[in-house]
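Chemist: Each chain, written out:
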Amino acid sequence: MPQSNLSPELTTTGLTSLLDGQGRKPTRLLQILIEIQAAQHWISPENIDQLAAELNLPRARIEGVIGFYSFLHAEPAGQFRLLFSDNITDRMLGNQNLLEYLCNKLWLERGHVSEDGLVSVDTTSCTGLCDQGPAMLANGMAIPRLTRERLDEIAELVLQKVPVTQWPAELFVIENNIQRREILLANSMQPGDALRAAIAQVCVPGSAVEAAANQRSWREGIPSVALCAPVSTLEEIKRSNLRGRGGAGFTTGLKWEACRNAPGGEDNRTRYVVCNADEGEPGTFKDRVLLTTQADLLFEGMTLCAFAINAKQGFLYLRGEYRYLLEPLNAVLQRRRDANLLGANILGQAGFDFDIEIHLGAGAYVCGEESALIESLEGKRGIPRNRPPYPVTHGYLDKPTTVNNVETFCAAALVGLHGGDWYRGIGTAKSAGTKILSVSGDCARPGIYEYPFGVTVRQVLIDCGAENTLAVQVSGPSGVCIGADEFDRRIAFEDLATAGAFMVFDESRDMFEVARNFAHFFAHESCGFCTPCRVGTAMLKATMDKIAIGHGTQYDLAEIDQLNRILLQSAHCGLGHTACNPTLDTLKRFRPTYERRLKSLDFEPAFDLDGALATARRMTGRDDAGAHLSMEAES
Amino acid sequence: MTNPEQKKIRVATTSLAGCFGCHMSLLDIDERLFTLLEHVEFDRSPLTDIKHCGPCDVGLVEGGLCNAENVHVLREFRKNCKILVAVGACAVTGGLPAQRNHLDLADCLQEVYVTEVSLHNGLIPNDPELPLPLDKVHPLHEVVKVDYFIPGCPPSADTLWKFLTDLLAGRTPTLGVELTRYD
Amino acid sequence: MSETFQLDGEDIPFAPGQTVLQAALSAGHYIPHLCYHPEFKPHGSCKVCTVKIGGGNNTRTAASCTLPAQAGLEIESDTEEMNALRRTLVQMLFAEGNHFCPSCEKSGNCELQALGSDLGVMTAGFRHFYPDRPVDASHPDILLDFNRCILCELCVRASCEVDEKCVFSLSGRGITKHLVVNATSGKLADTDIALTDKAMQVCPVGVILKKRVGFAVPIGQRRYDQRPISAQALDDAPRPPSASGPNGSGVCQACEE
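Protein chains in written order, with the working numbering: chain H, 1 to 635; chain E, 1 to 183; chain Y, 1 to 257.
Which stretches of chain Y does chain H cover? Using the computed rule of at least three CB atoms under 8 Å from a CB of chain H, they are:
1) 63–69
2) 90–98
3) 119–131
Below, in silico cross-link-like pairs of lysine to aspartate or glutamate (EDC-like), each with a Cα-Cα straight-line distance of 16 Å or less:
4) LYS25/H x GLU378/H
5) LYS399/H x GLU378/H
6) LYS7/E x GLU38/E
7) LYS25/H x GLU357/H
8) LYS588/H x ASP561/H
9) LYS161/H x ASP116/H
10) LYS79/E x GLU632/H
11) LYS52/Y x ASP8/Y
12) LYS8/E x GLU38/E
13) LYS380/H x ASP398/H
14) LYS105/H x GLU153/H
15) LYS145/E x ASP602/H
16) LYS430/H x GLU494/H
17) LYS187/Y x ASP49/H
18) LYS79/E x ASP602/H
19) LYS82/E x ASP602/H
20) LYS145/E x GLU632/H
21) LYS161/H x GLU115/H
According to the in silico footprint, chain Y covers these stretches of chain H (three or more CB under 8 Å from chain Y):
22) 63–71
23) 511–525
24) 528–541
These aren't lab readings, by the way, just hints derived from the structure by calculation.
Predicted model only: the values in this text are computed from it and were never measured.
By construction, the Cβ of each residue, glycine as well, lies at the ideal position given by its N, Cα and C atoms.
Full structure from sequences and hints, please.
Modeler: Right, dumping it as structure tokens:
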């Protein structure tokens with residue numbers, strides 16, 4: 001049967017060897033599950049039993065991990081799982097029509113597996129291809145620029161049961177679309193340059209660095225001469241004023257220093273360097289391009305961090321949507337090991353041991369939160385931790401851990417080579433360096449734009465060829481939505497802080513629908529740990545849907561205000577805190593788009609009253625006046 | 001203390017998808033009924049047998065919404081009553097009838113009238129006189145604006161008395177932890 | 001026990017390692033809470049114990065069960081603002097699950113119910129989700145009624161940390177998050193749970209119930225029928241050694257792990 005080629009059942013021995021390949025570590029549970037999912041397109045109860053027995057984990061906990069991640073399935077989800085990216089930018093490019101087209105083509109109902117178990121079609125959160133959407137994931141592999149013609153081809157491949165690995169390479173070509181380069185994207189560094197510069201640093205007698213090294217020597221029990229270079233590196237990073245590029249903007253040097261100061265186990269070297277490449281914020285795709293074009297710079301920055309904080313192990317947490325980057329990234333890592341830029345005694349420096357492992361995510365936006373990411377790295381459900389303690393003291397496996405964004409590590413490598421003073425001279429007083437923006441939406445030239453901090457929104461709009469712009473969503477749904485009167489605001493921590501998303505909406509767009517798309521996103525991605533976010537995001541979604549179908553009232557707007565207050569006051573992490581932002585921002589700036597949907601000032605039912613009678617009508621065959629209810633009370 | 005000159009408060013009551021237990025509890029205020037009747041007069045209510053309510057000060061609604069007629073009656077109350085009160089667990093949460101909500105309505109009708117032996121010759125009743133059931137049972141506040149809620153199954157006579165006397169005295173009704181019971 | 005923080009204007013002493021909620025309860029001050037249990041490490045998921053920190057304009061809010069006690073903290077808890085927040089959180093829990101108190105064996109012993117009535121919650125307010133959550137009656141002695149689950153994870157924690165069985169775990173996420181049982185069949189009958197397990201004792205609501213003892217204690221004579229939860233919780237709180245004998249350390253063992 002051709003199907004058995006597509007979806008081979010993992011034998012008991014097959015799974016055993018898969019486990020051996022992963023070292024049988026419970027911390028690699030998520031990686032193991034991802035491999036099983038890839039091999040047979042679901043994780044069977046028998047697989048779970050075997051995993052439970054061989055890893056000595058409760059099976060319910062394994063089930064819990066599977067249930068947490070969107071890309072893992074404890075029930076068959078089809079040998080071909082086709083997921084349309086459902087960011088607002090994909091919608092603006094017509095993904096819903098295309099989804100319907102493909103479903104019709106395959107005789108499918110969205111979200112349901114075909115009766116022969118061959119294929120299912122559904123949506124997924126933003127896949128980071130907003131500049132070349134609409135996009136989809138075919139069994140986890142990204143396909144951009146969907147058109148009816150491409151879908152015809154895909155449908156044919158599915159019906160012919162051609163494994164995704166054998167689909168034409170042309171389908172999977174992802175563009176970088178780099179439109180503007182500054183110091184980072186235009187760098188000409190060679191692998192090892194920053195590390196060599198860092199290692200070569202010596203203490204100037206009588207300098208502050210020497211004093212710091214001496215002090216640290218006493219604390220860490222390491223000769224101060226051996227500390228000159230790492231301490232100098234820490235000092236340069238601090239001097240650079242580099243701040244985290246993931247959105248929160250914490251000072252990188254302080255984070256690294258706090259991590260070095262935290263006790264690192266018996267050898268005092270059990271610290272971890274973690275790169276957050278879980279670029280899940282809708283509209284953000286700059287890390288994808290950095291991982292594609294600047295992988296050496298990134299790994300150099302991570303290695304520099306390990307040198308500065310005295311760590312031995314690093315992880316790159318790569319979002320599942322970027323699965324296609326795994327092999328190229330592993331190849332870069334191998335090249336760096338071969339060049340002695342990773343491994344033992346890096347660049348001949350005795351005791352400078354460091355290596356990097358790549359972990360994949362599996363479809364969970366909340367894992368971009370650093371403590372949830374660490375939980376996920378440990379092979380668990382990605383639930384944000386209670387803080388304090390913070391990861392710099394109690395991170396991966398409860399050891400000191402520095403988590404930074406891809407762009408932050410890249411910038412750190414530049415600082416390592418060129419020094420802190422050089423870096424802080426770029427950008428604004430409070431925002432040193434450059435920022436890479438992922439521009440998408442209504443503009444002629446979407447793609448990647450690198451600017452020194454301080455650039456105005458207006459300048460970016462001009463550069464990307466945006467016309468008649470109504471609004472810009474800066475930093476994604478969790479960021480801020482601004483209107484035309486704010487386009488002179490600047491991209492900088494002191495004004496518009498951003499993780500990089502820059503979604504442009506022109507005057508033809510309905511900002512209510514933008515906010516509704518984001519409300520659905522947050523409800524889908526809430527981890528469910530805390531009451532306010534678990535229930536509140538679901539309520540916000542329902543309220544936005546109620547307004548969308550024309551049954552919203554002032555009471556519903558008041559409820560949104562109340563939900564926002566509750567989420568701000570009591571949600572466990574940033575996801576909940578920001579979940580109402582898109583709604584409130586658009587309500588404040590584009591209120592008419594809401595108000596024209598509020599048909600009535602009176603109270604309206606929370607559910608579709610007439611729809612609630614549909615089943616009874618069908619069962620009784622009635623359609624008389626008494627068999628219907630209107631949404632408004634008869635006067 | 002009775003002032004015959006003072007206009008009486010007009011009260012309507014009804015039971016939707018409920019069991020009349022809340023009404024029984026109201027009767028359980030016993031001799032305090034006489035005091036109550038010095039201050040209130042009843043419009044539509046099972047106690048008066050008036051079929052439709054006119055303008056009222058207070059509407060007390062027992063039971064949740066399980067069919068189209070419940071919705072019509074509730075709307076009549078909302079339209080005519082200045083203050084609408086959801087009385088009892090069913091009105092407040094859907095209550096016992098809402099425990100059918102996890103069942104599929106079509107399956108229910110099929111099983112009761114078609115699969116099992118029934119009085120209706122294997123047909124699902126379709127007389128236009130009969131109200132159609134909603135696919136789920138809902139509490140009142142999901143369909144109209146409700147001003148006050150009195151939980152309890154039923155709320156005790158003391159609870160109802162406390163609520164009504166507060167209201168009659170022009171105070172915001174407060175029950176306190178003793179009288180706030182959900183069972 | 002010399003350092004103190006301020007709770008609603010009163011000095012609260014605390015021991016190192018205590019959180020604000022733990023210190024408040026040991027000192028005889030109630031902060032409403034639901035997922036916190038004195039014998040377990042604070043969890044911080046229900047958020048009912050949220051308090052306001054800091055005076056003046058520079059305030060923030062945090063769950064007091066996981067907030068480390070620190071000298072000089074100024075905490076506001078018993079304010080209309082915080083109690084309104086708690087009411088809404090309790091309402092959310094009522095709207096999320098299927099909570100039909102009149103037919104629930106846990107009525108009168110239920111912490112969610114007791115908290116609701118103590119806070120003056122009269123209605124869930126929001127639309128009800130009415131989720132479909134089938135009960136598990138497979139076990140001869142124990143009933144699982146998931147309709148009432150508030151996802152506090154106390155059973156998960158008790159079964160793993162105390163019973164060392166891990167009978168319960170959580171799956172799904174967001175509004176679809178739910179409890180699962182450690183058996184291939186997914187049924188409680190196929191687990192090694194026992195009536196004597198700690199997991200049998202910790203459910204704050206009516207999910208995990210012993211069969212055949214229904215309504216043995218009549219409604220009206222149950223735990224929170226006697227005293228409101230705000231008084232009962234203080235009785236249950238670990239007190240300083242002087243107050244409650246040699247074992248009452250004020251800090252649970254699990255918290256120090």
